[in-house]
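A.B. asks: Residues per chain, in single letters:
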Amino acid sequence: MADLKLDQIRKSYGAVDVLHGVDLDVKDGEFVVFVGPSGCGKSTLLRIIAGLEDITGGDLMIDGDIVNTKSPRDRGIAMVFQSYALYPHMSVYKNMAFGLKLAKTNKAELDERVRNAAKILQLDALLDRRPAELSGGQRQRVAIGRAIVRQPKVFLFDEPLSNLDAALRVQTRIEIAKLHQKLKSTIIYVTHDQIEAMTLADKIVVLNAGNVEQVGSPMELYHHPKTRFVAGFIGSPAMNFTRVTITAVEPGRVTVQTPGGKSAVLPFEVTTDHIGTEVELGIRPEHMGLDRAGELGVDGEVEVVEKLGDSVYLYVRLANGDRVTLRAPGHCRIKIGEAVSARADAAAAHLFDRNGQAFAKLDCPEEYSAME
Amino acid sequence: MTAASSTGQGNGVRLGVVLLATPLLLWLLVLVILPHVDLLLVSLRERIAFRQYEFSFANYIAFFVEPLYWNTYVRTAVMSIMATVLTLIIGFPVSYYIAKIMRGRGKNVLFMMCLIPFWVSELVRTFGWMILLRESGVISSFLQWAGLVDGPVEMLYNDVTIMVGLVYTSMLFMVVPLVSVLDSLDDSLIEAGYDLGGNAFTVTRDIVIPHAMPGIASGCIVVFMLTLGNYLTPNLLGGKDSLWFTEQIYTQFITRFNWESGSAFGFLLLVLSSLIVWIGLKLSRQTLADTVR
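From first to last, the protein sequence lines are chains A and B. When the letters of the first sequence are read in order and numbered with my numbering, they come out as residues 417 to 788. When the letters of the second sequence are read in order and numbered with my numbering, they come out as residues 5 to 297.
Accuracy of the hints is not assured; some may be wrong.
[To be verified] Only pairs whose alpha carbons sit at most 16 Å apart, straight line, appear in this in silico EDC-like list of lysine to aspartate or glutamate: (1) Lys510/A with Asp540/A; (2) Lys244/B with Glu158/B; (3) Lys421/A with Asp444/A; (4) Lys517/A with Asp210/B; (5) Lys421/A with Asp481/A; (6) Lys619/A with Glu446/A; (7) Lys421/A with Asp441/A; (8) Lys510/A with Asp210/B; (9) Lys520/A with Glu158/B.
[Unchecked claim] On the chain A side, residues computed to face chain B include the following (Cβ under 8 Å): (10) Phe497; (11) Ala501; (12) Leu518.
The set of hints was computed from the structure by calculation and includes no laboratory data. Ideal placement from N, C-alpha and C gives every residue a C-beta, glycine not left out.
Start from the sequences, fold in the hints, and give me the full structure.
C.D. replies: Pasting the structure below:
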């Protein structure tokens, strides 16, 4: 187990830059999740940490040592691959023992460590099978087992759940969370699924186009996204956005004009030079309601209704053409084509400038700021 | 009624299979099985007088009592095995480079470059080697011009030259199955090998080679059989000293009109190649079915 430090890590393939200087501190025992859309560089970053890709610039430190040019075997890391990368010609036992065999571990210890890991992962009965004879979930566990037996300083997971079906994904996600509690090891986990990120991480790193957008705890990202990208990426369904114009600014308060022509006062710290500019207002679907009170309101027509049982998502088209998602209780009987109006608290709003940077929000009630 | 119609359909399908298989079966029967049966029968008879034959093992006994025959036989086998091994040793890194290291266009170009020499006939390619290697050839002239040697150098008509020719002729038949089997090796398996603490050697030994084994086996079988049965290359590059077993067969059939003896030699060559392929498969723990997968 170890600390990990990334200092201005850059990566280019020829003239194409895929990572533009990534800084990150990972503390011993932390569960860090890299999340972002495809092509954001999250897998490349993980492969750089694993030593499978060269670093173009910057330093990578494990336990204080710069490991930029060290081979994967000398870094004390173990990676679980998206495709599992199990060896088809070896039994489960041999797959799990392979790393220890290469490290010339003595037979008794090797056997003990493999059997221990197999017990933790409930693979005891499968040790003599070939990977081809296992289900997807079992293969996934073998791949994790192969990493565990090596007792690495850092575990790396590259989208480990993406090949599993939905039910198994939830189950395996819980297993991984439990495993982390048990092993207390440092884990870096890559996913494009923000739900995996929210549920597993101590710390989420949101990446976009080779840049770190924000690093923080799941609830920090949920309640205090620093950029419009993070606000839109974290949370499901995604946050609603609409353009508003700033009409007046006071210390700690800003007055905006909504597309409907109404004015609303919001608790943000905005400098006076923003008066008259267009900014973006975001509110999460779950913070808007048909039967809520609140300073902010929208009126529109329902285009699509999605019934999920416990709740209903309403996709609403506003008069100005913007589309807004609302979450209504499961018993809601609203139909397509109906006119609805929803309201939200001013404290639930997020405000972003033209560059997508968030304005600081003040006096936030518990509902919109609870950390853990 | 239903039963009858379904049987009718079954018959139709079966007829289709038979019709599709007919050319193949005819080819096997007329061009492979019949000649070999005849070869076996001819090899087991001895000519007593004009158009008078009787059953005998004389042709096979003659092979074992005449050292030239079985020396050539053993030499051909050993040289063929060496040529196969050399082709594998050279072909494997080439295939690995094409399949795993090159990407996109370069990969296709390299693969085509392996293929292009095979657009011209083996005879022309072998003459190409002769132009390079003969006493008055390109390399000899160059060495003299460069002042490295005093007189012309003859590089034809020795075993090394035969080996070069055989390896060159066989390379494609090794590279094609190896590239296709290595192409099917998931990159993440190799990366996982490094991640688990492997180095280039252990990853190649424990991961790449076991995966490539069916391709290695099928490449080796094809190359070995082609080399063992090669006539042109040993004959042209090795000259009179080449002592290749196919030449003995040729001599028996064509020069000596001794079809009985030639048939026996032909059969012995078949036994030799089958035996060595069988041993090779046993040693590498592969089955014939794996190699054609």
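A.B. asks: So, against the hints stated earlier in the document, which numbers end up violated here?
C.D. replies: Of the numbered hints given earlier, the structure breaks just one, which is hint 9.
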